[in-house]
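There are 2 protein chains.
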Amino acid sequence: MATIFDIGVSAGFNVLTAIAFLLAFAFLRLQPINDRVYFPKWYLRGMRDSPISSGAAVNKFVNLDARSYLKFLNWMPAALKMPQDELINHAGLDSVVYLRIYLTGLKIFVPITVLAFLVLVPVNWTNDTLERMNVVHADIDKLSISNVPNGSKRFIAHLAMAYAITFWTCYVLMREYEIIAKLRLRFLASEKRRPDQFTVLVRNIPPDPDESTSELVEHFFLVNHPDHYLRHQVVYNANKLSDFVEKKKKMQNWLDYYRLKYERNVSQRPTTKTGFLGCFGSTVDAIDYYKSEIEKIGKEEAEERKKVMKDPKSVVPSAFVSFRSRWGAAVCAQTQQTSNPTVWLTEWAPEPRDVYWNNLSIPFVSLTVRRLIVAVAFFFLNFFYIIPITLVQSLANLEGIEKALPFLKPLIELPFIKSFIQGFLPGIVLKIFLIVLPSILMFMSKFEGLISQSSLERRSAAKYYIFLFFNVFLGSVVAGSALEQLKIYLHTSANDIPRIIGDSIPMKATFFITYVMVDGWAGVAGEILRPVALVIFHLKNFFLVKTEKDREEAMDPGSICFNINEPRIQLYFLLGLVYAAVTPFLLPFILVFFGFAYVVYRHQIINVYNQQYESAGQFWPSVHGRVITALIISQLLLLGLMSTNDFAQSTPVLLVLPVLTFWFYKYCKHRYEPAFVRNPLQEAMRKDTLERAREPNFDLKAYLANAYLHPVFKGGEHEDDRYSVLDDEAWMGEEVIVPTKRQSRRTTPAQSRQDGGGSDTVSVPETLHEHRPI
Amino acid sequence: MATIFDIGVSAGFNVLTAIAFLLAFAFLRLQPINDRVYFPKWYLRGMRDSPISSGAAVNKFVNLDARSYLKFLNWMPAALKMPQDELINHAGLDSVVYLRIYLTGLKIFVPITVLAFLVLVPVNWTNDTLERMNVVHADIDKLSISNVPNGSKRFIAHLAMAYAITFWTCYVLMREYEIIAKLRLRFLASEKRRPDQFTVLVRNIPPDPDESTSELVEHFFLVNHPDHYLRHQVVYNANKLSDFVEKKKKMQNWLDYYRLKYERNVSQRPTTKTGFLGCFGSTVDAIDYYKSEIEKIGKEEAEERKKVMKDPKSVVPSAFVSFRSRWGAAVCAQTQQTSNPTVWLTEWAPEPRDVYWNNLSIPFVSLTVRRLIVAVAFFFLNFFYIIPITLVQSLANLEGIEKALPFLKPLIELPFIKSFIQGFLPGIVLKIFLIVLPSILMFMSKFEGLISQSSLERRSAAKYYIFLFFNVFLGSVVAGSALEQLKIYLHTSANDIPRIIGDSIPMKATFFITYVMVDGWAGVAGEILRPVALVIFHLKNFFLVKTEKDREEAMDPGSICFNINEPRIQLYFLLGLVYAAVTPFLLPFILVFFGFAYVVYRHQIINVYNQQYESAGQFWPSVHGRVITALIISQLLLLGLMSTNDFAQSTPVLLVLPVLTFWFYKYCKHRYEPAFVRNPLQEAMRKDTLERAREPNFDLKAYLANAYLHPVFKGGEHEDDRYSVLDDEAWMGEEVIVPTKRQSRRTTPAQSRQDGGGSDTVSVPETLHEHRPI
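So the protein sequences, as listed, match chains A and B.
Position 271 of the first sequence, counting from 1, maps to 271 under this note's numbering, and the rest follow consecutively.
Position 2 of the second sequence, counting from 1, maps to 2 under this note's numbering, and the rest follow consecutively.
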C-alpha cells in the first residue's frame, strides 16, 4: 500500500532515469562517430554520407558545436514533423500502422482519463470506507473503487463508466480499423509493379513418376489456368548451401580481423588455435589458417551448388507460379485447385525478401503434427516454465558454483561478492530466460512451418501476448506462477475466477504504476539510446572495418521487432482498460507511456529502423483482436469485483457488455478482415487494365525471371541454366502445345487412378490439346 | 436401480410395440388404397400407376391375397437389396450419405461391443464391491464400473478400453469421411449439366444512382470477369405475390371441397360463414362465395405481378450470375470481388429448388445483428425454456380451465377426467413444446438469413443437437433442468464439473436403456407406419380429390427431415461412447437401434421420401464434428468418473485423449472439409473441356434462361419480357461493348469517390473499352 509520496519518489526516480537516457542520447547522437548508430535509415536510403569522409579530423569523431547540446530535446518536434504520407514512402506502411497502435492508445485513453477523473475520482474520493474500516491504506486508495462502501448506489457510476469505456473503445477501434483498411488498400493500389502481385506460391506438389516437378507444375497450370499462366520458379532445398555461405562469411570476418591486426602490428604475425572458439587445439598462423579454410569451404560450396542445381531430389515440392495478370494470380491464390485439398495448395506469394525459405518443403501431414506439438509445447512453456527455472536457480547457488569451478572459491567467498551472487543470481536466471523467451517463441513458430517472416512475427507475437497475460498480468494480480494459477482455475468455479481476480485488482494498482514507469517510461527511453547497437557497432568498427562497405555492413539498423514490442504495448491496453473503472489514478501513467513511446518510435522509424519486409499492415487484425480481448477481460474482472462488493444486481447489466463486445469483434472480423487477407478481383483487374493501356509492350516474363530465386543463387555467376532454355520458347504466343512425357499412356483408354490428380491432370486434356486449337 | 428382469419386461413391452407397428405396417402397405402413402417415391418417379385405375372394384381398395400377409417382414430384405449406386440414382446422394450415419454407428459400435463384453464385463463382474457395500443394487450394476473397488488396478482395463474406443472411432470416422468425400466428388463429376454448376449467387449489390441493379450487375461482371460472364437473373421480392398465390390455392381447395359436397348431395347448396375459420359472420352460399373470392385474389395477384415486374424497387440487391464455363463460376464463387468485403458477396448458387427466396434481400449489417439476436435467443431458449413451460403448466390447471371455459365445468368435475387432466396436462404442455421445438429452431435459422433449404436444415440440426445434449442427456444425468445445470456450471470448478457428471453416469444406465428402447426401437417402428401421413392422405382423398392430379397432390411423401432426425441419432452416438467404458450392457441396445433404423430408413428412402433438394452430402462435416464432440465428452466424463474412484493417476493418461481427438478433428477439417465447401478448379476445367469437345454448339444461354426465376413466375404466361430483349443481343460474340448511362462523367477526369466500387467499376475501364478491343 504505497502512499502518493512513495509513488512520487518512484516516479521521480524513473523520470530521472529516462532523462538521463535522453541526455545521453542527445549527447551521443550529435557525435559524428555515432552517426551510423542513430541515423542508419538515411544511409540505407542513400541520403546521408559518412561524416568521416569530409571535414576536419576532430570533427569527424566529436561534435564541438556547443550550441547543439543546448537543445537536447529538439529531436522530438523533428520526429513529429514528417507527415504520414511521406512516412509511408520513407519507411513503409507497416511502420506507420505500427505507430498507429500508440495513437490508438492515446485516442482510447485520453477521453477515458478525462471522464474518469471528472466522474469516478469525486465519486470514490467522497467516501470514508477505508478510514472507517481502519485498514492500512494509502491516499491513492481513496481514489480507487475500494473506498466506496459495499452495496452503495454509487457503483452505478462505475457501471455507467464501464459502458462508456466499452462503447468508446469499440468506436475508436472501428474507426481505426476503417482507416487502416483504407490505408492498406490505397497503399496496395498505388504500389508499383511488384513480383508478388503476379505470383502465387504452390505447395505440396504431388510427386509424379514420369515428370519432374518443374514439368508437372508447367503442365498443371497450362491446363487449369490456360489463359493466365506465365512462368514458374521451382524451389531448391538450399539450406545446406546457405549454411556453407554463412560459414564462409564468418571465416572471412575472422580473416579480415587478423589481417587488420597484422597491419597494425607488422612485427608479429597473429596466431590462433584450431579448436573450439580458438581456445584449444594447436597454434597456427591465423591468416594462413583462415585463408585455407575459406578456400576449403569455397570448394565445398561450389560442389553443393552444383549438386543442388543438378540433383532433382534437391527440388522441393513447392514452386512460385507467376501469371500474366494480377487477376490471374488473384484467382489462383484464392481458389482450390484439385479435389484433394492437401495437394497443389496455393496462396499469395510473400514478397521475395519476406519468404522464409527453410519451411517451403514441409508436407501437409507433417504441418498438422507440428502444429499439435507446438501447441502442447507452448502450453507447457506457459504454465510450467517455472519448474526448470527453479531447478536452474537451485543449482546456480554458491555451493554449486564452488563445486563446478573450485578455483573461483576465494573470489566468491568475499562477503560483498557473496551477497551479490546470492541476491542476484536467481533473478538473473529468470531475466535471462525472459530475454531469450521471444527467440524460443520464434523458434516454435518456425517449427510450425510458416513460410514468411511476417507471419512468423505475427504468430510469435500472439504467443508472447498469451505468455505476458498469464505470467505478468495475472501472475502479478493473483500473485502466483502460472502453474499455481492453473490449479486455481481448475479448482475454482467459473463464477469465482473473475471474483478472485477482480477482488485483488484494486490492491495491485500501485504495483502496476511502478511497472508502467520502469518498463514503459525508462524502457522506452532506453530504446532510443540503443546501447547494445552502439557497443556492437563500435566493436565491429574497431576490429573489422577497413572499407566503407565494411562499415555499411557493421551498421545494424534493427527493425520494429513486432513480435516483442506489440505484445508489450498490449499489456498497457490491458492495464488501462482494467483499471479505468477501478483505479483511474493509473491512467495518466499509461497516457504518458503512449505519448512518449509514440514520439520515440516515430523518431526511430524515421532515423533508425530498416524493416525487413513490407506486409502492408497485415498485422492489424491481430492487434485489434487483442485489444478486444483486453476489453472483454476488463469487463469480466469488473463483474467479479462488483459481485464481491455486494452489488450483485449489476451482474446482468454487466453481462451484456462482453456479449456485445464479442459480437462487435465478429462484426469487424467479417467487415474488415478480408481486406487484410484476400485480394479483390476488381482492384487487380483495374490495375491490370491501366497498366496494359500504359505499357502494352512490357516484358513481364523477363521482369519476373529471377524474382523468386533462393537468395544464395542470386549474384549473377550461378544462373540457373535450365531456365534460360525455357525462356527461349515462345511462351507469350497463344498457341501453346503442352509437351508431355507420357507417350506410353496415349494408347491406354482408361484414366490412371493415381490419387492427387498429378497424372490425371494432363492425361485428359492432352488428347484434346492435340485435336483442337485452344 | 432396475434389475435385469425389469429391463427384460421393459424390453419385451417395447419389442411388442415395435412388432405391433410392424404388423400394422405389413397389413396396411398391402392395401392398394394405401399405396400412395407407402410407395409415393415410385409414383413420383413415374414407375408406378394408381391401382385404382385397373382391376376389379374390391381389389382397388383391399388386398385379398392371403399369402401376401404371411411374409410380413419381407420388405426388409427388399430394402437391403438395392445396391448403393442404384440408390444414389434413385434417391440422390444426400439420402445415401444419411444412411451411412447409421452404418457408421454400426461400424463403430459392433467391434466396441464385442471388445467391451470380452474385456470389461469379466473385469467388472468378478468384483464384489456392491455386495460388500450393502447398497441396493441390481444385477446389471454388477456389470458396470461401479462394481470395481475404488483405487483398484483393474481400472487400467477401462483406461485401455478408452484408448481403444478413441482410436477405433477416429479410424472409422476417417475412413467414412474419406469414402463420403470420394462419393461426393464422383457424384459431382458424374452429374449431368445443371444450372447451379454455372451460376453464382451475388448478394449485397450496392445501390447505384445511375443504373438499375440489372445493368449494374451486367457492367460489373463484364468488366471484372470479361471472358467468363454469360448472363444474369435479378431476384424479385415476390414474397407478397407468393402469399397471394398461396391464398388463392387455399381458396381453390375450399371451392373444390364444396363443389364435391354439392355433387354428392345436389339437393342442398352448401353454405359457409364469412368470418374467422368459417365459424362466425353471415351465412353465404359457399360455392359462389369462394368463386368470387378467388376472382378477387386473382385480380390482386395479377396487379401485384405486374407491379413486381415493373417497379425497380421490387428488385432486391441480389442476382444469380451465370458464366460461360464451370471454371468461370468456380473462380467467381471463391474469390472476393471488391475491396469492400460487404458488397458484391459471391457464393455458389444453391440448386434452384433449394433456394430460400425470402432471405435473399437481407443486407450485411442486418445479417450480423440477426446472428447476435438468434444466438442470444437460442441461449435463453436452451437454458430458460423451462420457465415459460412451468408458467403455462401452472395456468393450464383445472381451476384455470374452469375459469376460462366455465361451460366445461360439469365435464371436468367427473373424477376420471379430473385425474386425467391433472396427471397429463403438464406433460402434454411439455410434449407440445418438444414437438414444435424443431419448428422454432427452424424459424430461428430462417431469421438468421441463410439462403438455402439445405443450410437451414443443417443449422437447425446443430441447434437441436445442443438442445438435446443439455436438456435430454445432461438433464437426465445431472437430473435437473438446463437452468439448474447452468447454476451448477457457474458455481462449480472446471475440475469438478466432469467429476459431478461422471459420477452419476453409471447410475443412469438403466434409464437410458429404457430411453433407447422407447425412443429408438418403438419410435423407428412408428416411423415406418407413417400414421400422420396415412390419416391426412385419406382425409384429403375423401374431401378434396376429384382427379388423378388432385390425388397426386394429396400425396405427401415427406423427406428425411435431417434437422430433426440427425441430432437424435447423435444422441445415440453420445450414449454409446459415454457408456462403452462404463456400462457396456447398454451397447447391444444401441446396436439394435442402429441396425433396425438403418433397415427402416433404407426402406423409407427407397419407397417413400422425396428429398426437396440435393446437397451432395454437404452435411457430413457437421455429422463428423458432432460424433467427435461426443467422443471428447465421453473422455472428459470418464476422466471425472475415474477421479472419483480414487484412481487419479489416470488423469494425465486420459487427458492425452481429448487433446489427440481435438487434433484429429482439426486434421480432418483441413484434409476433407474443403471437398464439401469449395469446388476445385481442376474438376471444373476437366468437365468444361470434355463437354466442349462433346457438344461444341450447345446453347448454354438458352439452357440457363429461366433456371433461377422465382417459382411464382414460372409457368409460361408471365415471362419476364425485359429479358427477352436482352436475349436478342449478340452476347456470345467476343466484341462486347459495355453500354453505360454515365455519359456526363466521361469529361470528368477525377474518379468518382463513391464507396463500394459501384461506379468506379465501370468508369475506369469504360474508356478503355472504347479505345481498344479486348
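Don't read these hints as lab results, they were simulated from the structure.
Hints may contain errors.
The list cannot tell twin chains apart, which means a pair is met if one copy fits it or any two copies do.
[To be verified] Below, in silico cross-link-like pairs of lysine-lysine (BS3-like), each with a Cα-Cα straight-line distance of 30 Å or less: (1) Lys-403 - Lys-81; (2) Lys-446 - Lys-669; (3) Lys-687 - Lys-431; (4) Lys-153 - Lys-487; (5) Lys-446 - Lys-248; (6) Lys-247 - Lys-153; (7) Lys-182 - Lys-409; (8) Lys-81 - Lys-669; (9) Lys-306 - Lys-687; (10) Lys-666 - Lys-446; (11) Lys-403 - Lys-299; (12) Lys-153 - Lys-250; (13) Lys-666 - Lys-273.
Hint by hint, here is what the structure shows:
1. Proximity of Lys-403 and Lys-81 under a CA criterion of 30 Å is satisfied in neither setting, with 60 Å inside one chain copy and 82 Å between copies.
2. Taking CA atoms no more than 30 Å apart as the test, Lys-446 paired with Lys-669 passes in both settings, with 26 Å inside one copy and 23 Å between copies.
3. In this assembly of identical chains, Lys-687 and Lys-431 lie within 30 Å of each other by CA distance neither inside one copy nor across copies; the values are 51 Å within and 62 Å between.
4. Taking identical chains as interchangeable, the C-alpha atoms of Lys-153 and Lys-487 lie at most 30 Å apart only when they sit on different chains, with a minimum of 27 Å there against 36 Å within one chain.
5. Proximity of Lys-446 to Lys-248 under the C-alpha cut-off of 30 Å is restricted to the intra-copy arrangement: shortest distance 25 Å within a copy versus 67 Å between copies.
6. For the homomeric pair Lys-247 and Lys-153, neither the shortest alpha-carbon distance inside one copy (71 Å) nor that between copies (57 Å) is at most 30 Å.
7. In this homomeric assembly, Lys-182 and Lys-409 never come within 30 Å of each other (Cα to Cα): the closest approach is 65 Å inside a single copy and 73 Å across copies.
8. In this homomeric assembly, Lys-81 and Lys-669 never come within 30 Å of each other (Cα to Cα): the closest approach is 34 Å inside a single copy and 51 Å across copies.
9. In this assembly of identical chains, Lys-306 and Lys-687 lie within 30 Å of each other by CA distance neither inside one copy nor across copies; the values are 40 Å within and 43 Å between.
10. For a Cα distance limit of 30 Å, the shortest separation of Lys-666 from Lys-446 qualifies both inside one copy, at 29 Å, and across copies, at 20 Å.
11. For the identical chains of this complex, Lys-403 and Lys-299 are neighbours neither inside a copy (46 Å) nor across copies (105 Å), given an alpha-carbon limit of 30 Å.
12. Taking the shortest alpha-carbon separations for Lys-153 and Lys-250, neither the intra-copy value of 71 Å nor the inter-copy value of 60 Å comes in at or below 30 Å.
13. Neither within a single protomer nor between protomers do Lys-666 and Lys-273 lie at most 30 Å apart by alpha-carbon distance, with minima of 63 Å and 54 Å respectively.
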